[in-house]
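*Asks:* For this one, chain A is given, so just place chain B on it according to the hints.
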Amino acid sequence: MDPQIVIARRVARELKSGDLVNLGIGIPTLVANYVPADLKVFFQSENGLIGTGPIPEQGMAHPTLTDAGGRPISALPGASVFDSAMSFGLIRGGHVDVTVLGGLQVDAHGHLANWMIPGKMVPGMGGAMDLVTGAKRVIVAMQHAAKGKSKIVKQCNLPLTSARQVDLVVTDMAVIGFPEGRATLLETAPGVSVGEVLAVTEAELVVPDNVAEMKL
Amino acid sequence: MKAVSIEEAVAMIPSGATVMVGGFMGVGTPERLLDEMVRQHKTGLSLISNDAATPGKGVGKLFEASLVSRLTATHIGLNPKAQQQMLANQIAVDLVPQGTFVERIRAGGCGLGGVLTPTGVGTLVAEGKRQIEVDGKPFLLETALRAQFALVHAFLADYLGNLAYALTSRNFNPIMAMAADTVIVTAEHIVPVGVIAPDHVVTPAPLVDYLIANG
Numbered sequence: 017m018d019p020q021i022v023i024a025r026r027v028a029r030e031l032k033s034g035d036l037v038n039l040g041i042g043i044p045t046l047v048a049n050y051v052p053a054d055l056k057v058f059f060q061s062e063n064g065l066i067g068t069g070p071i072p073e074q075g076m077a078h079p080t081l082t083d084a085g086g087r088p089i090s091a092l093p094g095a096s097v098f099d100s101a102m103s104f105g106l107i108r109g110g111h112v113d114v115t116v117l118g119g120l121q122v123d124a125h126g127h128l129a130n131w132m133i134p135g136k137m138v139p140g141m142g143g144a145m146d147l148v149t150g151a152k153r154v155i156v157a158m159q160h161a162a163k164g165k166s167k168i169v170k171q172c173n174l175p176l177t178s179a180r181q182v183d184l185v186v187t188d189m190a191v192i193g194f195p196e197g198r199a200t201l202l203e204t205a206p207g208v209s210v211g212e213v214l215a216v217t218e219a220e221l222v223v224p225d226n227v228a229e230m231k232l
Numbered sequence: 107m108k109a110v111s112i113e114e115a116v117a118m119i120p121s122g123a124t125v126m127v128g129g130f131m132g133v134g135t136p137e138r139l140l141d142e143m144v145r146q147h148k149t150g151l152s153l154i155s156n157d158a159a160t161p162g163k164g165v166g167k168l169f170e171a172s173l174v175s176r177l178t179a180t181h182i183g184l185n186p187k188a189q190q191q192m193l194a195n196q197i198a199v200d201l202v203p204q205g206t207f208v209e210r211i212r213a214g215g216c217g218l219g220g221v222l223t224p225t226g227v228g229t230l231v232a233e234g235k236r237q238i239e240v241d242g243k244p245f246l247l248e249t250a251l252r253a254q255f256a257l258v259h260a261f262l263a264d265y266l267g268n269l270a271y272a273l274t275s276r277n278f279n280p281i282m283a284m285a286a287d288t289v290i291v292t293a294e295h296i297v298p299v300g301v302i303a304p305d306h307v308v309t310p311a312p313l314v315d316y317l318i319a320n321g
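Keeping their order, the protein sequence lines are chains A and B.
Heads up, the first sequence is in my numbering, so the first residue is 17 and it goes up one at a time.
Heads up, the second sequence is in my numbering, so the first residue is 107 and it goes up one at a time.
Hints were generated in silico from the structure; no laboratory data involved.
Errors might be hidden in some of the hints.
No more than 27 Å apart at the CA atoms, straight line, and that leaves these computed lysine-lysine pairs for DSSO-like [what the hints assert, rightly or not]: (1) A:K152 x B:K243; (2) A:K136 x B:K235; (3) A:K165 x A:K136; (4) A:K152 x B:K235; (5) B:K187 x A:K136; (6) B:K167 x A:K136.
Same shape as in the complex, but just chain B:
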């Protein structure tokens, strides 16, 4: 793990990159990294994020600045800007059931090619997908999802990069921290090694590439 400034971290992300962003309706989202993405005007992003948040919050900022060209998400109904851009074909949107979304990312981070899920069988979601029977029950083959960058927000990070999360801001963060080539983290508090007890570490330090220095 290397500690870097927010400007340096975002400078590493090229326009057109595939980026996973943690958070659920803007809760547990690395807001400062998104502000810097907007400031450095990283365009043509393929965004993988649970939702489109709301205007001005979380990944919602990326839609306001028209930085997204492709979105994989589970729900975008609370961001009119994202809806508008989807209906105007400015962004290609792939809507995925939430349980499938998280398992595809988990698979991507765990070296699996994909998962078999019963969710979506017999619905529009099944279109174009392989259906596989296991013990007489139908499942859809859903392939793994990975990204070049994961932008993660933690409650605590220690000097080594061990992470702990707070309440409902955990959500997709620890899953995404395993599924990207480069993992960039912001934390509410950066604390000495040992403050987070081994039992309470959720994301182990070796998964974190860059920690944004606070201050």
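Okay, chain A solo, but in the shape it has when bound:
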């Protein structure tokens, strides 16, 4: 299975009926494709919409119905629109149940860095800092390593997105949580051993006696 699909499918299992969910750009966006049809999840787009639907068919796009990247989307029955103050009131005010974001680094304490690489990539933080600060649960969806380098690090050397600790990290190899503030290996991907995860992880992981296999 494609690594990105492994991540998206596993994250989708974290969502519950009634949840208000905000998905970031990249792998997080894929999560919506794997939510079971009987689960009533509200997806928020921070440019001012709850109830985002799939990309419209060719020729059906509307110039004023877009996602946070400015791309055409659709709205599901029951959708609502609002201005940016309301949108970020929802985010910062703790009304968003789950946010799923991409990451550049997550460290052993659960700190996330995902908005800039000094001197190289300075796009701006957009809504990321508000999402990590205000959402009830923060899930990071990212590849375990990039160009052979672990993205689960001892300590972030990239600028942090928030001082708040994330709740869960889902990668193509593992699920990592932070009980008692320490990175803990909760699950491994199908066909991946605990040893293989540890071998490509820079941060020291707490390994419980029983590490489950990811259900996808």
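*Replies:* Quick look at chain B alone, frame taken from chain A:
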């Protein structure tokens, strides 16, 4: 509210002005006003806008014409021209978290000196800012943002200047319509008074100074 031509409206904006522009990645942006800003070559602008859009779209046009000298925004990653001008120090860029950006503008429009937000505490964003504890929790003091001009785009405007917006093109427009000395509006449709029901007016008419005549 006064109805004016697009040429007259933009002629009121001097070079070097502080200008807020509504829109999110070019969606809900008053494109015609930006085209006219480029045509009249208004330089040295201090631009307050969520993003830098993309080249050729929305405020992206202002960067292509090198009209911006200062930018307050939340994300400029999708406009290589703006990135380039920032890295070459041609424009001073202040990057602000989006929720903080909109609350600073809201504060500016509502007579508040600023807001206390938890966003940015413990990050680079906190540098040089006052941190204030309320009930044991740390917040950053983020000051209000205002502009000389707000350029706003609506879906409907009635003859009085009441405004309604469409779907995701609402975004920052109604917030910015409260936070500038002079508010200039373009609308997809200009309609008789009463077409927008009182319940559906988002920006009340007294906030609008100039409405660009369609045609």
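*Asks:* Quick one, are A:K152 and B:K235 close enough, alpha carbons at most 27 Å?
*Replies:* With Cα atoms ~26 Å apart, A:K152 and B:K235 stay inside 27 Å; holds.
*Asks:* Taking only the CA atoms, is the gap from B:K187 to A:K136 under or equal to 27 Å?
*Replies:* Holds - the C-alpha atoms of A:K136 and B:K187 are around 15 Å apart, at most 27 Å.
*Asks:* Does the structure keep A:K152 and B:K243 at a Cα separation of 27 Å or less?
*Replies:* holds, 17 Å
*Asks:* Does the structure keep A:K136 and B:K235 at a Cα separation of 27 Å or less?
*Replies:* holds, 25 Å
*Asks:* Taking only the CA atoms, is the gap from B:K167 to A:K136 under or equal to 27 Å?
*Replies:* holds, 24 Å
*Asks:* What's the verdict on A:K165 and A:K136, does the C-alpha distance respect the 27 Å limit or exceed it?
*Replies:* Between A:K165 and A:K136 the Cα gap is close to 18 Å, so the pair holds against 27 Å.
Consistency note: the structure conflicts with none of the earlier hints.
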